[in-house]
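Chains as they are written, first to last, in the numbering used here: chain A, 863 to 1109; chain B, 863 to 1109; chain C, 863 to 1109; chain D, 863 to 1109; chain E, 863 to 1109; chain F, 863 to 1109.
Heads up, some of the hints might be wrong.
For each label pair, taking beta carbons as the anchor points, the in silico distance ranges come out as [as the list claims (entries may be wrong)]: (1) 1031(A) - 990(B): 26 to 36 angstroms; (2) 1009(D) - 1104(C): 44 to 54 angstroms; (3) 1017(D) - 1028(E): 53 to 63 angstroms.
Bear in mind the hints are in silico, worked out from the structure with no lab data behind them.
Here a beta-carbon is modelled for each residue, glycine too, at the ideal position from N, C-alpha and C.
6 protein chains.
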Amino acid sequence: MKILFVNPNTSVSVTERIAGVARAAASAGTEVVAVTGPYGVPYIATRAEAVIGGRVALELLAEHAPGCDVAVIAAFADPGLGGARELLPMPVIGMAEAAMLTSCMLGRRFSIVTFATAMEPWYRECVDTTGLSGRLASIRCVPGGFRDIATVAEEKADVLVEACHAAVTEDAADVIILGGAPLAGLAGAIADRVPVPLVDGVAAAMRQAEVLAALRPRKATAGTFRTPDAKPVTGLPPALESLFSRR
Amino acid sequence: MKILFVNPNTSVSVTERIAGVARAAASAGTEVVAVTGPYGVPYIATRAEAVIGGRVALELLAEHAPGCDVAVIAAFADPGLGGARELLPMPVIGMAEAAMLTSCMLGRRFSIVTFATAMEPWYRECVDTTGLSGRLASIRCVPGGFRDIATVAEEKADVLVEACHAAVTEDAADVIILGGAPLAGLAGAIADRVPVPLVDGVAAAMRQAEVLAALRPRKATAGTFRTPDAKPVTGLPPALESLFSRR
Amino acid sequence: MKILFVNPNTSVSVTERIAGVARAAASAGTEVVAVTGPYGVPYIATRAEAVIGGRVALELLAEHAPGCDVAVIAAFADPGLGGARELLPMPVIGMAEAAMLTSCMLGRRFSIVTFATAMEPWYRECVDTTGLSGRLASIRCVPGGFRDIATVAEEKADVLVEACHAAVTEDAADVIILGGAPLAGLAGAIADRVPVPLVDGVAAAMRQAEVLAALRPRKATAGTFRTPDAKPVTGLPPALESLFSRR
Amino acid sequence: MKILFVNPNTSVSVTERIAGVARAAASAGTEVVAVTGPYGVPYIATRAEAVIGGRVALELLAEHAPGCDVAVIAAFADPGLGGARELLPMPVIGMAEAAMLTSCMLGRRFSIVTFATAMEPWYRECVDTTGLSGRLASIRCVPGGFRDIATVAEEKADVLVEACHAAVTEDAADVIILGGAPLAGLAGAIADRVPVPLVDGVAAAMRQAEVLAALRPRKATAGTFRTPDAKPVTGLPPALESLFSRR
Amino acid sequence: MKILFVNPNTSVSVTERIAGVARAAASAGTEVVAVTGPYGVPYIATRAEAVIGGRVALELLAEHAPGCDVAVIAAFADPGLGGARELLPMPVIGMAEAAMLTSCMLGRRFSIVTFATAMEPWYRECVDTTGLSGRLASIRCVPGGFRDIATVAEEKADVLVEACHAAVTEDAADVIILGGAPLAGLAGAIADRVPVPLVDGVAAAMRQAEVLAALRPRKATAGTFRTPDAKPVTGLPPALESLFSRR
Amino acid sequence: MKILFVNPNTSVSVTERIAGVARAAASAGTEVVAVTGPYGVPYIATRAEAVIGGRVALELLAEHAPGCDVAVIAAFADPGLGGARELLPMPVIGMAEAAMLTSCMLGRRFSIVTFATAMEPWYRECVDTTGLSGRLASIRCVPGGFRDIATVAEEKADVLVEACHAAVTEDAADVIILGGAPLAGLAGAIADRVPVPLVDGVAAAMRQAEVLAALRPRKATAGTFRTPDAKPVTGLPPALESLFSRR
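Chain A on its own, in the form it takes in the complex (with noise of 0.2 angstroms):
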């Protein structure tokens, strides 16, 4: 088994970083690809930067899925989670999606809680957009600026695990996802820490990828998540070109 990872940011660390999370969650015999984004920003944290990341996604998902069993996003807000489930002929799944749904399976309302500053209207939109609303309790973002995205896990991790008592205390939150990639590995550190159920999303990722690649579902030939119709594009890097075109 297969799982390719897409960093669609540039920092070489966090995908250092989510390679190494994601082989420690995985079965014996479960092989893991970790690429990084070729341009783009080192750390997405809005909106606009998720746009860039979006089409880096695809662009790295056309080059190296080939070969693999499933493919994860690994940027928290899931971005270009869509297109990639229609246009790749693997499952394709988004980190933050799969913290989500794990998370549902351990309790009634999770929290997310995060390390960037204000970004919980952006994050709230990514609930949304996965339908869960109604499952969240709260996200919380701690304060102030960071020194390294390779080292803000351990950098942060008190003052995380003081918004996780938060979360519970404040939100009622039953389990709490730690989002974003650089935060990989942390609820391992924090757990005993932290009195409801941390998930990482990297671990969490990984395992999901694992569900999808042994339950082996076809790929769709109906419906708007079959392999779109050959199109013809033009400027597009020749891997993802030959994705649309169909050549």
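Given the coordinates of chain A, assemble chains B, C, D, E and F onto it according to the supplied hints.
Then chains B, C, D, E and F, alone, in the frame of chain A:
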């Protein structure tokens, strides 16, 4: 890894079907235990039967869950799920819940297709309870009775395929869940006759149980899914009684 | 007119409280019968306890409803209500449901104020199930334990009044429901200390039961609330078993 | 106990029908007063007519409610209800509201069946306003005009029964509300021809008014349903004007 | 192009304010007509007052709309809007509606900030009716009374600015609507003191009226917004009566 | 006043159509600039194509928006809209959004009628994203392919009129939006063949752009629609890169 499937009905043939499909879907090294309700109805098809089945599920879990990593309530409306999630120390998931959450990663809207006549309104309540009505395309029940719950999957295969086509064509379903434990295993048999991905509830639950076992979430110690305070109960079977009384 | 109140808990003192408030609220000529659960917990305060209570409610109804015009499940989360509504030939209503529907005629948004610590998330599921979350202002639980379920209403009166004020001032509640059978009768005692209408669940259920008795609706013979088809059941108390088996 | 029914239309025949059905549904000892709009339309069938009817309702209430325990606005869209609930010292309920809330205790989803052509979109707004769209199965209006508003119930009985069957079979309605004051009394006549419970709006409102009269809720002194502050108004009939000006 | 603003209140000073702001916001060549309610209240602040105002709006429209291209109901809760939209041959829009729809193009979630004490619950009903509660961040009313409706905007400017800041900081509002016709013109004066876009209801309605005038939509001849069938009405002012009776 | 229309597709003929209809709908003195995507697909008809189109829209805006008062993304699913709204200093609106918001002032529920086969599920996601699903009557796509995107409006006019009639008769639509930039201008041509108001997306967007230009809202300096912090980006076209890097 050891996963418990509780069938809150009295049909041993259905339990065997569940166990067979679960074992086929499991990872290498996963042990599957499947148990049958000691009393109740052969197949839950109404809200009233689900009230009985909810208590049966708790009894079976109290007796058989110790030593297991995750437990699955293997009846479509997930009877007793919320209570079990509070009471048991390990994760408990429902078959319907697992099927619905899995289907959300394969398209936008899912339909539930089942063999039991006219259960649509009750199944719809289950979807609402899970908070996924925004992702539901339709629920379709094929008309008419059936000869034997043990073989209803094979008996009804053709009309179920027809109902799947209607769900795709008329209701714009992107994914279809074959609802009800007695249909376990049918998805594989008819996958090439249906133009969208099919989700088998038992196989999805099996794999989702492995996800939770792998993530090893802690039991909540705060909120309404923490272990309930010890409470004097009377008149219940000993194993269940001791779960409530914490003795 | 004869109305049955089933208390799916084992506290005879709570049943007596229910019966007293129901009789005081009843029309002249209405007979009130109140019965207590033969086993289970003294007071339902969790989802797991409601699973037990749902089955207790069906048992009590099977035994005591014959000869009654309407039956009331007198515990706040209405355990077993949907099943009872299918199974019984006369109307069955829930105490929470009756309180919420009544409160909708007294303002726009209601709050539920109750004595039990931290049941807000579970109560919220009950409101969602009833389809009235759009009419909910808030659920407020006063903190701390209590000495005796029989007298918790009097013991907690002052803090409940404070919580009512907070519901009006901070949550903009137009109406307040005092939640939980053990609070039956308190509304009258504190009405002049709370600036909006108070709804007593037992009194509301008593009167709503009379509404249904007066309207004499027919039992459905179609749809999912028709009497379920006879079904072989095993291992249930005789009265309940014969309801399922139609013998 | 004295209950006021205000018919915000000019059809005395409809008022008489309302009064007759209300008296038949009332408890022994309940006095029913029914009054007719002094101006306006013979039957409210549009949003514009409901604007007129809302003011008529307030005028009738201002003049006739003193001395009554509860007042009912007896037109299906409940024109003026929110305003009346603020302004009057006693509870005011709407006929549509009472019918919908009552139907929620008889099944999961209700349909509204009515004689007026193509009012479905407007009625749907009324259901939305009441916050009960999650409990609505469908609204069905029988086509064609009618000869006389006084006897439309009998004239249309057969096609209304057909529409009820369609609501059960095609829309999965568990309960049916016969909508519109001119259909008052029809439910009893056709109950044995429809396979689910029927709710008569006037009978339901009559009994719900008794519920509120019995519960004796206090008038709010806080929140937006408290008596509004005295306000100088000009150009209204004296009784209504003094309600606003508190003189 | 000629746009009619109807102020369904009796305050001529508010009408003048509306007219001034509307003219300042209008395109070159657009004529603005503004009329005042002949009776009723000086300022609509309750549901009951809106019932009166709805009828006043219809009367003013019946008399003054002929010859105009679009009409605006210039009171925040849009009293009578649905009825006016049926009855009149030209487009009719509401000030609250226009402000909310306009704000949706300037961000994700809007807050409504207004001077009137404690109208939040009623305003929330208006947002619900418009179907935009998913876009609402909050409604904030500044406390305390005011001296003169004609100058309340200037009197309350500072506390309104504070409330705007709270809406941005605490409620994550992306856009703020200054609610209520008496605040017309304030947005321009305080724009540089509030860190998000401000929407002036009158200016937005003025421009939205021009949109509809320019698009020249046809009057519906089918559906519930077609001109209602002629109907005998009695007791209304002649202009309004002839709108209903089509004579 | 200068309004920019960006067509994120490569069809110059569609851009010309957009420009022509926009100019015809514009006020005197408004200048219209319309630009075409330099790469991508001739017409966006899937989620995947919208991912490409979103980035194209940002590139076109970065290059052409300076000097314009308002920009319009002129493709039906509004690709890139949220990101553009953050990134650009002037208001940016979407064609679908403008059409939907405008239609809300012309009736209660709108339908979207379009020429592209089977895009209903994806268009429904767009309506959900805009928060207007409560105002949606239906989405109807006429079946079959088309010869030329430049003339599809004329080619499909008759079947589109039929679909409009079905939307009115079967789905109770009060207003109809003709969806997709290639249908620009058709509304005028078929208005007298459809019994409810028709909304042309381009004309509506043109006029809504003028509304925002006239209201001159400030750019947010707080919240998630403030100009994003400068961020190092790599590999984007210079104009877009400098928008992100603020150089």
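The hints, checked one at a time:
1. Distance hint check: the CB atoms of residue 1031(A) and residue 990(B) are about 28 angstroms apart, consistent with the given range 26 to 36 angstroms.
2. Under the hint 44 to 54 angstroms, the C-beta atoms of residue 1009(D) and residue 1104(C), about 52 angstroms apart, fit the expected range.
3. At roughly 59 angstroms, the beta carbons of residue 1017(D) and residue 1028(E) sit within the given window of 53 to 63 angstroms.
Hint compliance for this structure: every hint is met.
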